[in-house]
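Can you build the whole structure from these sequences, using the hints too?
These protein sequences, in sequence, are chains A and B.
Just so we're aligned: 161 in numbering that gives the first Met the number 0 is position 162 of the first sequence, and the numbers increase by one with no gaps anywhere.
Just so we're aligned: 371 in numbering that gives the first Met the number 0 is position 372 of the second sequence, and the numbers increase by one with no gaps anywhere.
Everything labelled a hint here was simulated from the structure, so no lab data went into it.
Bear in mind that the values here come from a model prediction, so they are computed numbers and not experimental data.
The C-beta atom is built at its ideal place from N, Cα and C for all residues, glycine as well.
A hint or two may mislead.
[As the list claims (entries may be wrong)] Coverage of chain A stretches by chain B, computed from C-beta distances (three or more under 8 Å per stretch; other residues unrestricted):
| no. | region |
| --- | --- |
| 1 | 43 to 57 |
| 2 | 231 to 244 |
| 3 | 304 to 318 |
| 4 | 331 to 340 |
There are 2 protein chains.
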Amino acid sequence: MSSAISPLAPKTSPELPPVDGVRFATAEAGIRYKGRTDVMLALFDAPTAVAGVLTRSKCPSAAVDWCRDRLPGGEARVLVVNSGNANAFTGMKGRKAVELTAKLAAKAAGCRASQVFLASTGVIGEPLDAEKFEGVLDDCASRATPDQWREAAQAIMTTDTFPKVATVTTTLGGVRVTINGMAKGAGMIAPDMATMLSFVATDAPIAAPVLQALLRKATDRTFNCVTIDGDTSTSDTLLLFATGAAAARGAPQITAPGDRRLAPFRKALTTLLRDLAQQVARDGEGARKLITVNVQGAKSERSAHRIAMSIANSPLVKTAVAGEDANWGRVVMAVGKAGEPADRDRLSISFGDIRVACQGARDPAYDEEQTSAYMRGDEIAITVDIGLGRASATVWTCDLTKEYVAINGDYRS
Amino acid sequence: MSSAISPLAPKTSPELPPVDGVRFATAEAGIRYKGRTDVMLALFDAPTAVAGVLTRSKCPSAAVDWCRDRLPGGEARVLVVNSGNANAFTGMKGRKAVELTAKLAAKAAGCRASQVFLASTGVIGEPLDAEKFEGVLDDCASRATPDQWREAAQAIMTTDTFPKVATVTTTLGGVRVTINGMAKGAGMIAPDMATMLSFVATDAPIAAPVLQALLRKATDRTFNCVTIDGDTSTSDTLLLFATGAAAARGAPQITAPGDRRLAPFRKALTTLLRDLAQQVARDGEGARKLITVNVQGAKSERSAHRIAMSIANSPLVKTAVAGEDANWGRVVMAVGKAGEPADRDRLSISFGDIRVACQGARDPAYDEEQTSAYMRGDEIAITVDIGLGRASATVWTCDLTKEYVAINGDYRS
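Structure, rendered in C-alpha cells:
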C-alpha cells in the first residue's frame with residue numbers, strides 16, 4: 000500500500016449521517032495485512048431491498064458468482080466484505096470459502112444464507128482462508144453501529160490512499176431520505192457495469208426491481224465512466240441497499256420503475272455515484288493529475304463514450320499529461336484508433352478553455368506558454384469536438400506515472 | 000531519444016545483401032533532430048511492383064492518405080521517408096507538404112508523382128517543412144547505392160534504440176531470390192493492419208495484386224501480433240516492393256495469387272516480417288523484457304488473438320513482468336476482460352515451462368522459487384490454455400517500466 004495520500008484527494012470529506020436500518024462494524028481478521036482492519040460487516044435490521052451490478056469479466060471472483068446468484072432474490076440482511084484477498088481464480092476452494100463465509104455471516108446476522116451478500120478484494124489466485132472469519136463476524140454483528148461508514152470504507156481499502164465516502168439527501172414523496180455510499184479503487188479499474196467495490200444504502204422504501212433499474216442506469220453515466228488502467232477487475236461489485244426505514248416517517252413505498260415520485264431520488268443517486276466514481280479516479284494508483292475527458296459532437300452517445308474511453312485509456316495521452324505536455328497529437332491518435340466515426344479535418348481539441356487544435360490542425364491562436372501553465376495544474380480537462388453530430392460523453396481518469404509502475408511491479412511480492 | 004541500446008536487441012545483426020533494382024541514400028534534412036540522418040530515399044531502377052498495408056486509424060497522417068491513393072496503381076519508382084515529424088493532424092498544410100515532397104522526389108528520380116511513395120514518423124500535430132527536402136532529395140538520388148539498408152533503417156528511427164533490419168533468401172521457380180526489410184518502432188505500437196513503418200523489398204518478379212495478397216496475409220500473423228502500448232499510430236505503413244530483377248536470372252513472372260511456385264516465397268516473407276515484428280517488440284519504449292503470449296485451446300483464431308492481445312496490452316500484466324512477478328491472477332483478469340469465450344475452471348496458465356495454474360486455481364505443484372528464477376530472465380513466455388477449442392495465437396510485447404513513462408512524459412517537450 001502507498002503511504003502518502005493522493006494529492007488529488009478531496010480537501011474535505013463529508014460526515015455521513017446514519018441511514019436508518021443499517022449498522023456497521025469492522026475487524027482485523029488477519030487475511031493479509033497486519034495492523035489494520037480488513038473485514039467489514041454491514042447489518043440490516045430488517046429484510047432490505049437490494050440491487051447490484053457486477054463485473055462482466057468472463058473470469059469473475061467466487062464472491063461475484065455468489066452475488067449474481069442471490070440478486071434475483073432481491074433481499075439482504077447482511078453484507079460482508081474483506082480486503083487483502085480477492086478470492087478470484089481460486090477454483091473449488093474459492094467456492095467453499097464463499098459458502099463458509101456466508102454460513103458464518105448468516106449465523107452472525109440470524110438470517111438465511113440467501114440474504115447474505117459478499118465481496119472480496121485484493122490479490123487474485125491465492126486461496127482465501129475463510130476460517131479466519133469464525134468468531135470475527137459474530138463479534139462484528141454484536142458491535143455494529145450506524146455511525147461507522149468511514150471505518151467500513153477504510154476496511155475495504157487495498158492500494159487506496161484514502162477512504163471514499165459520499166452522502167446526499169433528497170426527497171421521496173415529499174419525505175426526506177438519505178443515500179450514503181462508499182467505494183474503493185485503486186488499480187485494475189475499467190469498470191464494466193460496476194467498479195471494483197462500491198456499496199450504497201438508503202432508507203428510501205424502494206422495491207428491489209425498481210432499485211435495479213435505477214442503479215443500472217445511473218451506473219452507465221458514473222462508474223462506467225471511470226478508468227484507471229483499462230484493466231477490468233474480476234471482482235467489480237456495486238450493491239445498492241434500500242432499508243425502507245423512511246416509510247416510518249411517511250415515505251411512500253415505490254414499486255413501479257415509472258413512478259414519478261422517483262425523479263429527485265434518481266438524480267440524487269446519480270450525483271452520489273458520480274462523486275464516488277470521481278474519488279476512485281482521484282485515487283488511481285500513482286495519480287498526480289485528475290483527467291476529465293469530454294467528447295462532444297459525436298454521432299451517438301455510445302460512440303462518444305468509446306472515443307472518450309480510448310483517450311482515457313491511452314498510455315501515451317496519460318504519460319503526456321504526467322509530463323505536463325498538452326500533446327494533442329496523441330489525443331488525435333486516440334480518437335483515430337477508437338474505430339468510431341471521426342473526421343480528422345473536423346476535430347477540435349481543447350485543454351481546459353484553451354483550444355489547441357481545430358479543423359485538423361493546430362489552432363493559429365495557440366499559445367504554448369498559456370497552455371503549459373494550465374498543464375501544471377492538478378485537474379486537467381481534455382475536450383474533443385468530433386464535429387459530426389450532437390452526442391456527448393464524459394469520463395474520468397488519471398495520469399500514468401512512474402509511481403503506477405512501481406506500485407504494480409511490487410504489489411504481490 | 001534514449002541513448003542506451005535496448006538490452007533485448009538481437010546480439011547480432013545480419014549483413015544485408017543487395018536487392019537488385021533498389022538503391023538507398025540518407026541525409027540530414029534538419030527536420031527536427033540535430034547531428035543525425037532524418038531522411039532516407041529508396042530509388043527503384045525500373046518501375047517496381049508495390050503492395051502495402053496502412054493504419055486503420057480514422058485520423059491517418061497525410062503521407063498515409065497519399066500512399067492509400069497511390070497503391071491501386073501498384074507501381075513505384077521512389078520511396079522517401081523522414082523521421083522527426085509525422086505530418087499527421089497538420090490539415091491543409093500537411094497535404095501541401097506531402098505534395099511538395101512528392102514533386103521533389105519525382106524530380107530527383109525522374110518519374111511521375113504517382114510513382115512516389117512516402118512515409119513520415121515523429122511528432123504529431125506540428126507542420127512539416129517540406130522545403131527542407133529541396134536539393135536534399137536530388138543529392139540522395141545521385142548518391143544512392145544498393146548497400147545502404149542499415150543506414151536507411153537508422154535514418155527512420157525515432158525513440159528506437161537500434162536499427163531493425165532482416166534478410167531472407169528463398170527460391171521462386173527454382174531461382175534464388177532475396178527479401179530484405181527494415182522497420183522502426185518504438186512507441187504508439189498496436190499495429191492495425193501494419194506497424195509504425197516498415198519497408199521490404201525483393202528482386203522477385205511478382206505482380207502487384209499478388210504481392211498485396213501475400214502481404215496482407217503475412218501481416219496478420221506478424222506485425223498485427225505486436226503491441227507495445229495498445230496505441231495504434233496515425234502513420235502505420237508497411238510497404239513491400241518487388242523489383243523483378245531476378246527475372247534476368249530466370250525467375251518466373253508471377254501474376255496469379257494461387258501460383259504454386261509462391262509457396263517458399265510466402266513462407267520466407269512471413270519469416271522476415273516476424274523477425275522485424277519481434278525486433279519492434281524488443282525495442283519497445285523502456286523495454287527490459289520481451290514477452291511472448293501464446294493462447295491455445297480457444298474457440299477460434301480470432302478469439303485466441305483477442306485474448307492474447309488483451310493479456311499483452313494489460314498494464315497490470317506488463318508491470319508484473321517488469322517486477323519479475325509471475326502474477327497469474329492478472330493474466331486471469333486479462334482473459335476475463337477480453338469478452339471472448341472463456342471458462343475460469345478450464346484455464347491453464349504457464350510461465351515458460353512452469354505451469355502455475357490449472358483448472359481455475361493454483362497448480363498444486365507450483366514452486367515459487369523456480370518461477371521466480373524464470374521471471375528474472377529477459378525473455379518471458381506466457382502460455383494460456385483456454386480449454387475450449389483448438390485455435391491458437393501468438394503475440395509479442397514487452398514489459399511496462401518506469402522508463403516508458405519517462406520517455407513518453409518528456410518526448411515532445
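For each hint, the structure was consulted:
no. : hint       : result
1   : 43 to 57   : holds (count 4)
2   : 231 to 244 : holds (count 3)
3   : 304 to 318 : holds (count 5)
4   : 331 to 340 : holds (count 10)
Of the numbered hints listed earlier, not one is contradicted by the structure.
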